[in-house]
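Asker: As a plain string of letters, each chain reads:
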Amino acid sequence: MHIPKALDPVEAVKGAYPNAVLDVVQFRDETTLVIHPQEIVSVARFLRGTNGLIYNYLSDISSVDYFPDYNRPGRFGVCYHLLSMLYTRRIRLKVYLPEDEPVVQTVVGVWPAANWLEREIYDMMGIIFEGHPDLRRVLMPDDWDGHPLRRDAPLGYETVMFSFNVDEINKHKPYAQE
Amino acid sequence: MVAPIVKVEPVAIPDSMKQWEGSLEQLRGLVSERAMTGETMLLNMGPHHPSTHGVLRLLLELDGEQIVTCLPDVGYLHTGIEKSIESKSYEKAVPLTDRMDYLAPMSNNMVFALAVEKLTGLDVPERAQVIRVICLELTRINSHLVWLGTHALDMGAMSVFLYCFREREYLLDMFEMLSGQRLMGSYIRPGGVWRDLPAEFMPALERFINYFPGKVDDYEKILTNNPLWIDRTQGIGVIEPDEGIALGVSGPSLRASGVNWDIRKSQPYSGYEKYDFNVPLGEHGDVYDRFYVRILELRESLKIIQQAMKNVPGGAFRSTNRKFVPPPRAELGRSMEAVIHHFKLWTEGYAAPDQEVFVAIESPRGEIGCYLHGTGGNKPRRAHFKTPSFMHISALGKIAEGHMIADLVGIIGSVDIVLGDSDR
Numbered sequence: 001m002h003i004p005k006a007l008d009p010v011e012a013v014k015g016a017y018p019n020a021v022l023d024v025v026q027f028r029d030e031t032t033l034v035i036h037p038q039e040i041v042s043v044a045r046f047l048r049g050t051n052g053l054i055y056n057y058l059s060d061i062s063s064v065d066y067f068p069d070y071n072r073p074g075r076f077g078v079c080y081h082l083l084s085m086l087y088t089r090r091i092r093l094k095v096y097l098p099e100d101e102p103v104v105q106t107v108v109g110v111w112p113a114a115n116w117l118e119r120e121i122y123d124m125m126g127i128i129f130e131g132h133p134d135l136r137r138v139l140m141p142d143d144w145d146g147h148p149l150r151r152d153a154p155l156g157y158e159t160v161m162f163s164f165n166v167d168e169i170n171k172h173k174p175y176a177q178e
Numbered sequence: 179m180v181a182p183i184v185k186v187e188p189v190a191i192p193d194s195m196k197q198w199e200g201s202l203e204q205l206r207g208l209v210s211e212r213a214m215t216g217e218t219m220l221l222n223m224g225p226h227h228p229s230t231h232g233v234l235r236l237l238l239e240l241d242g243e244q245i246v247t248c249l250p251d252v253g254y255l256h257t258g259i260e261k262s263i264e265s266k267s268y269e270k271a272v273p274l275t276d277r278m279d280y281l282a283p284m285s286n287n288m289v290f291a292l293a294v295e296k297l298t299g300l301d302v303p304e305r306a307q308v309i310r311v312i313c314l315e316l317t318r319i320n321s322h323l324v325w326l327g328t329h330a331l332d333m334g335a336m337s338v339f340l341y342c343f344r345e346r347e348y349l350l351d352m353f354e355m356l357s358g359q360r361l362m363g364s365y366i367r368p369g370g371v372w373r374d375l376p377a378e379f380m381p382a383l384e385r386f387i388n389y390f391p392g393k394v395d396d397y398e399k400i401l402t403n404n405p406l407w408i409d410r411t412q413g414i415g416v417i418e419p420d421e422g423i424a425l426g427v428s429g430p431s432l433r434a435s436g437v438n439w440d441i442r443k444s445q446p447y448s449g450y451e452k453y454d455f456n457v458p459l460g461e462h463g464d465v466y467d468r469f470y471v472r473i474l475e476l477r478e479s480l481k482i483i484q485q486a487m488k489n490v491p492g493g494a495f496r497s498t499n500r501k502f503v504p505p506p507r508a509e510l511g512r513s514m515e516a517v518i519h520h521f522k523l524w525t526e527g528y529a530a531p532d533q534e535v536f537v538a539i540e541s542p543r544g545e546i547g548c549y550l551h552g553t554g555g556n557k558p559r560r561a562h563f564k565t566p567s568f569m570h571i572s573a574l575g576k577i578a579e580g581h582m583i584a585d586l587v588g589i590i591g592s593v594d595i596v597l598g599d600s601d602r
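Chains A and B, in that order, are what the protein sequence lines are. Residues in the first sequence are numbered from 1 upward in steps of one, following our numbering. Residues in the second sequence are numbered from 179 upward in steps of one, following our numbering.
If you are wondering where the hints come from, they were derived from the structure by calculation, not from laboratory data.
Partial chain B-side listing against chain A, Cβ under 8 angstroms, derived:
#: 1; residue: Val252
#: 2; residue: Glu260
#: 3; residue: Lys261
#: 4; residue: Ser265
#: 5; residue: Gly426
#: 6; residue: Trp439
#: 7; residue: Ser444
#: 8; residue: Gln445
#: 9; residue: Ala538
#: 10; residue: Phe568
#: 11; residue: Met569
#: 12; residue: Ser572
Idealized CB from N, CA, C, for every residue including glycine.
Can you make the complete structure from the sequences, with help from the hints?
Answerer: This is how it looks when you write it as structure tokens:
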């Protein structure tokens, strides 16, 4: 089987989409391409389908919240961790999304594996994936208020029961009523 | 005699329960149009169904006994581990990772430890790496034993379950020797392992290595050529290689489809490149192949342990970088510096740069990944775990389509899901 020569992903993406790459970060042998949110699907499709790149496996989509004082282009970051099984290498695509409108195009059309990963991010971070076929909550209950993994969501805890406050705490518990 | 038809009056729903009442309209687009007219039946399976390995709920649309749509619903075991990690220093977050995939806690420790080491640039001594490999492979055997037992139990072969759990006891005893706990040992820590191998561990491992291969033969005698087992498993739940890659299936479930992808081979960590082992591959990608690949993996894991235990190098079992790893107890009495380091590490912890890393390793279930983002301070900004069970459950709907409801039990078992791993 003829395997095409591996291309440098950074140069290839820069050549094909000169306006899409906002920044390239190298940290501990990991390459991060910061992509313009508008271009994420076309860059993803390019990395997935170009000979010499073939990032055929979507390892992970994760999100990060830079609240409160972020010196970055946006409050939210969405990281796409891609894996090329053919050339055994990984790359990270990253988009920054603004606080008031955290919306990005879905990549379900490129990697079907993105379906539940994007649902999880919507659930946890409140980032909307436009064009997603089934954007419902996945881990939290459907009637949950807010998005728990945002940095401004309180951690929450269970008050410890002692004999002096057990009645008070029990009053607010959602026990079944007669 | 024909049973008399009893007319059942519909029970009125009390007002207090109205808020829980769902409507079919909510499912429009998720199930086929035939369900809307009542032509097909909607059936709720789980979350307490014994074959769902925890608390997985499946909403099934059935045409007779055939599955038209399968909608998995997870989240019943969501414990907010990722959120909790954000409020803990890196060292204190390790015990939380144990509790994700409770059948393979060491793999979770490992992926988190690797991520912290990568983020902070911490070194790991040679001895610790070999100990880690031994632990990871024991964990793999442990996890596969539970999988084999429960999978066979689902399909009606109860004796295998009892045998598997008998052998698992040996492993849990060994984990107890290492860490003091049978299940959630938190033994693998950033920088190495928690403590050195105790004196009784190596003889116990030796005994296990000699004892276990015969037991794998026994499992194979019961199942591999058993016509009942073959009838229930062959040709069921086929995952095509391309489909598996696209859906994010990984680990033995993907290798059973013939995709030669094992992170231990392709992107080795912790010195896996030094060991000689094969990556078992399946051919058809059905339930039987997924079963057989894991049986072969049991033997390969034994091979790795045998090679590792022969060459456990001397030296430190944990990094000696005192900015990250607390000093041994004995040093505290002699050295003021050690006291300071000890105090700093257990109160404040250590700082990691405001950067991000992603590490993926091969857990018994598949690719487990850890995305870790530091703040420059002592707590992470974000820790995200990509877990194989989550991906496998998301693929379940596609795999189960068109199968009988009885086969679904086998399919769930064969992709090897742990709900703690999926829900975190």
